[in-house]
Amino acid sequence: MVFGVVYVLIFGPRSEPALPPDRRSDLVIHYWEKWLGPEAEAMQVIVDDFNNSVGREKHIYVEMMSMSDIDQKTLVATAGGVPPDVAGLWDPMVVQLGSLGALEPLEDLAKAHGITDGFYKPVFWNACHFNGHLYSLVSTPAAVALFYNQRIFHEDAAKLRAAGLDPNRPPQTIDELDRYSDALTEFVTDAQGQRHVSRAGYMPMPPDYDWYVTSIPLWFGDNEWDSVTHRFTLTDPAVLQAFRWLESFPRKLGEDAVSEFSTSQGSFNSPQNAFVAGTLVMEMQGPWMANYIHHLRPSMDHDWAAAPFPSDVPGVKDVTYCPFDTLMIPRGCPHIPEAFEFIAFVNRQDEMEKLCMMHCKNSPLTNVSEYFLDHHPNPYIRVFEELSASPNAHMTMQCPVAQEAGGDLTAIVQGVLAMEIDPKIALEQAQVSLQAKYDEFEKNLKRRMRQ
Amino acid sequence: MTSNRSKSLSKVAVYAALIVICGMAIFPFAWMISTSLKPDTQLVETPPRWMPSEFAWRNYKLAVTNEATHFPLWTRNTLIIATLAVIGTTFSSAIVAYGFARIRFPGRGALFAIMLSTMMIPFPVTMVPLFSIFVWMGKHTPIQWLGTTRPLWAPAWFGSAFSIFLLRQFFTTIPEELSEAARIDGCSEWGIFWRIMLPLSRPALSVVALFTFLWAWRDFLGPLIFLQRPTQYTLTLGLQTFQSQHGSTPWNQLMAASVLVILPVLILFFIAQKTFIEGIATTGMKG
Amino acid sequence: MTFTRGEIRNLFKGLAFLSPWLIGFSVFMLLPIVLSLYYSLSDYNLLQKPVFIGTENYRALASDGIFWHSLRVTLLYAAVSVPLGLFMSLGVALLLNVKLFAQPIFRTIIFLPSLVPTIAAAILWRWMFNQRLGIINGVLAPVLGWFHLPTPPWLDSSNWVVPSLALMSVWSAGNTVVIYLAGLQDVPRDLYEAAELDGAGPIRRLWNVTLPMISPVIFFNLIMAIIGILQVFDTPFMMTKGGPNRASYFYTYYLYDSAFTYLKMGYASAMAWIQLLLVLALTGIAFWSSKRWVYYQGK
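Chains as they are written, first to last, in the working numbering: chain C, 299 to 749; chain P, 211 to 497; chain F, 40 to 338.
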């Protein structure tokens with residue numbers, strides 16, 4: 299046994315991967331990214347493109363490393379003085395890290411590379427800024443829409459017509475969404491006489507509800523945070539309406555029905571994925587879903603369609619929520635211009651479109667080529683492009699205590715979906731405690747600035 | 211006077227109870243192995259079945275070679291950290307315990323009490339300041355802490371309260387005459403420690419080594435906070451990372467990975483059984 | 040106070056031997072504790088210098104609903120798992136103390152779960168507790184169905200999650216059993232014989248002989264449990280992420296989040312100090328009450 303240990307110690311894997319021989323003298327840029335699998339491979343293609351072109355010219359070598367819990371790890375590493383040079387995080391971090399002073403401002407470097415106002419669609423450009431500084435650029439964007447299984451719509455056309463609904467089009471309001479869902483939901487009774495949902499028309503469950511937590515009120519006409527007055531708006535009627543809508547699901551299906559349905563589905567990346575397996579007829583998803591469907595069950599490729607997720611507010615359409623993946627430089631990075639070379643490279647139109655096509659996502663750039671639209675793996679890409687350019691495209695709430703808000707709101711969503719709390723009371727409590735936390739944050743910020 | 215029949219009846223009852231309890235203790239292990247050998251399609255069956263129709267040994271290979279896991283790397287890291295911690299703790303705790311046990315000096319009692327009381331300090335109290343101390347040291351001294359595995363094994367080289375306590379109790383059971391004889395022969399205090407105490411203390415030292423190893427193998431909060439580079443992760447942290455990957459939960463692979471993590475501990479246990487039980491027993495000392 | 044030459048020499052020798060611990064204690068224990076107190080009185084996000092704010096953190100904690108909630112969750116868990124653990128382990132130890140043929144095998148088997156690294160146990164139990172796919176409900180469903188009862192949602196329900204975690208902690212309590220066993224071995228045989236001669240049945244013997252004799256061991260386990268229970272972190276972090284709806288959001292978890300997710304180091308330090316005071320208070324109560332029920336054999 300001792301011999302075995304010694305063997306592992308001497309011949310075992312080394313911590314630091316080796317650079318290719320001809321690049322040993324280059325400056326190494328450490329790039330932490332959240333992706334795994336095909337998405338990571340796609341990014342690696344772009345990294346390789348860089349290393350073989352600009353990187354070779356300027357003697358920069360980018361090394362990409364995949365990590366989980368990357369937001370927290372980057373934060374702690376930055377605080378610990380050992381951050382990565384480039385971090386691939388999510389858009390809420392712009393505000394969180396920006397407000398803590400944990401990011402390097404990039405507007406000057408961006409301008410030098412020709413990246414200014416108008417380069418991106420407005421929703422993305424605005425979200426990359428905080429407090430007047432550009433803190434991030436985009437690696438890949440998203441826009442969420444309604445995915446629906448057209449084949450099931452047609453198979454159950456009789457049921458839909460009986461409910462007064464048109465099987466040839468998707469629901470256009472939240473109310474219609476509910477009615478389509480009710481008509482298409484099926485149940486099964488088990489040996490103990492209990493009723494379980496066997497097929498759901500629509501069901502609020504992960505990963506959809508990752509979006510909900512901070513954005514579901516958007517389809518009801520409001521937001522959870524007002525960035526002008528710096529106040530949470532959790533007690534606004536539209537926000538309450540949104541949560542009451544969530545509550546309507548366990549109310550009509552059964553207290554445990556939502557959690558039971560969501561935990562008993564197969565994992566997201568398997569043929570047992572609820573939407574792919576047909577146990578979920580409609581869902582709120584991003585453009586990449588087309589890719590997953592194609593890989594998990596190609597026979598389904600022509601069964602589905604995408605449309606804007608219905609809004610509850612009459613006259614307001616093309617509402618979407620646009621999160622995105624960021625490329626940022628943590629404070630304390632010793633090689634900022636070189637790190638930015640890589641970030642700028644990813645944002646060249648040809649590279650960006652290449653990456654977004656591989657990831658099956660829409661593009662953040664204002665200029666989109668016909669080739670992109672015609673050859674994109676998602677046949678409905680134009681829906682997503684229009685949505686992300688629409689005036690009703692919203693970004694994440696620009697709140698410095700968004701992390702804590704996220705924690706509270708996740709708890710509320712979970713509680714509401716299990717019918718364990720009343721949305722009105724929960725939102726009122728959250729409003730008070732979250733507002734207090736923000737006010738505390740602002741007070742500390744002002745006090746710090748006075749010093 | 212108790213009749214023989216009621217005595218044997220009660221024995222049967224005890225047997226039955228113990229068999230049930232042992233069954234419940236073993237049951238999760240069996241289920242873990244069963245799940246680890248299931249092919250993907252049989253994972254989401256309801257009701258769950260025990261025997262997979264085919265033994266998917268490939269799950270083990272997948273768990274180890276999965277791009278989200280770096281089993282060999284994690285094992286190596288954990289081994290290094292654990293070994294360093296074991297050597298450091300055993301050595302330094304023995305030295306300090308000798309001081310407490312064998313040298314009568316003013317203030318000894320008070321210092322011992324202080325040392326014991328440090329066992330009650332919850333880790334969260336010190337973990338935040340330790341983090342900033344390490345940051346400060348990284349900036350102002352040539353020694354880097356964060357970004358290395360140092361925070362996990364370096365403190366061990368300064369003694370651990372638990373091990374010091376254990377060893378000290380043990381040392382006090384060794385007769386004074388042995389030390390006296392050596393002292394008369396002109397041996398220095400260090401010499402007595404090195405040549406007389408240590409060789410006699412092999413059982414106690416093995417207990418300390420074993421416990422420190424186990425603790426280092428399983429430590430989670432420490433690695434979670436102090437390890438910054440993914441290439442330095444330990445098994446526990448790595449496995450948790452694997453579990454928390456976005457999107458999919460490949461339970462069969464996760465079970466396979468867990469089996470692999472448990473196996474070394476079980477093997478160690480069976481080899482060192484006596485030492486184990488002895489060790490726990492001596493920690494449960496009265497008073 | 041004057042020292043003799045011998046005492047002074049011993050002092051040097053003693054401190055020399057103690058030096059590793061003295062250095063370690065100062066740097067890794069004393070300094071952090073002092074700093075921690077200072078941070079608890081500051082606003083500190085690790086990226087910028089700490090700013091002294093007096094007792095504001097403590098006042099904010101007092102009105103922080105999540106703080107009280109996490110404290111309640113932890114105390115609830117303690118109230119369930121500590122008695123459950125202590126008594127079940129004692130029961131098992133008593134059973135294991137009976138001279139039986141396969142005794143060593145039984146002891147080994149019962150001890151095994153305590154060796155399992157927390158992460159493996161967490162993954163395993165999370166899988167077993169799964170509402171629809173887990174084996175626990177798989178086994179219970181037919182039984183409960185007979186009584187027309189639904190299967191419990193275990194980790195997915197706010198009501199069941201803490202008892203589920205407590206149940207899991209009993210499974211891995213092997214080392215508590217072994218400690219009890221060691222204590223049980225030490226009970227003098229002649230006391231049992233004397234009691235039998237006096238006509239005491241097994242229950243009386245248990246109550247009047249065994250329990251008092253091992254009360255120091257029970258006390259030891261109780262203290263260890265108190266110290267440990269307020270620091271529970273690994274299992275909820277790995278299994279439930281504090282959910283659902285924060286039902287398993289333990290005290291140390293909120294402390295960790297405050298420090299390393301929200302970067303409110305000052306706030307977290309204040310929480311840590313409150314935790315320390317609680318441990319001291321509970322241990323103090325245990326010690327005080329021990330005078331009433333712990334009996335030490337003549338020493």
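Everything labelled a hint here was simulated from the structure, so no lab data went into it.
Nothing here was measured: the structure is a model prediction, and the numbers come from that model.
Heads up, the beta-carbon is just placed ideally off N, CA and C, and yes, glycines get one too.
Fair warning: there could be bad hints in the mix.
Here are the computed lysine to any residue pairs in the SDA-like style, where the Cα-Cα straight-line distance is at most 20 Å [stated by the list, open to error]:
1. P/K271 - P/L410
2. F/K138 - P/A226
3. F/K138 - P/R393
4. P/K217 - F/P241
5. F/K52 - P/I402
6. P/K349 - F/L70
7. F/K88 - P/S342
8. C/K744 - F/G93
9. C/K744 - F/P241
10. F/K88 - F/I105
11. F/K280 - C/Q701
12. C/K722 - F/I105
13. P/K217 - F/A233
14. F/K88 - C/G630
15. F/K52 - P/A320
16. C/K741 - F/P241
17. F/K138 - P/S218
With beta-carbon atoms standing in for the labels, derived distance ranges [as the list claims (entries may be wrong)]:
18. C/R748 - F/L123: 47 to 55 Å
19. P/S220 - F/E46: 21 to 29 Å
20. F/I144 - P/A323: 39 to 47 Å
21. C/R746 - P/G401: 55 to 63 Å
22. P/E264 - F/P189: 45 to 53 Å
Task: Violations among the numbered hints - done: 1, 3, 9, 10, 16, 19 and 22
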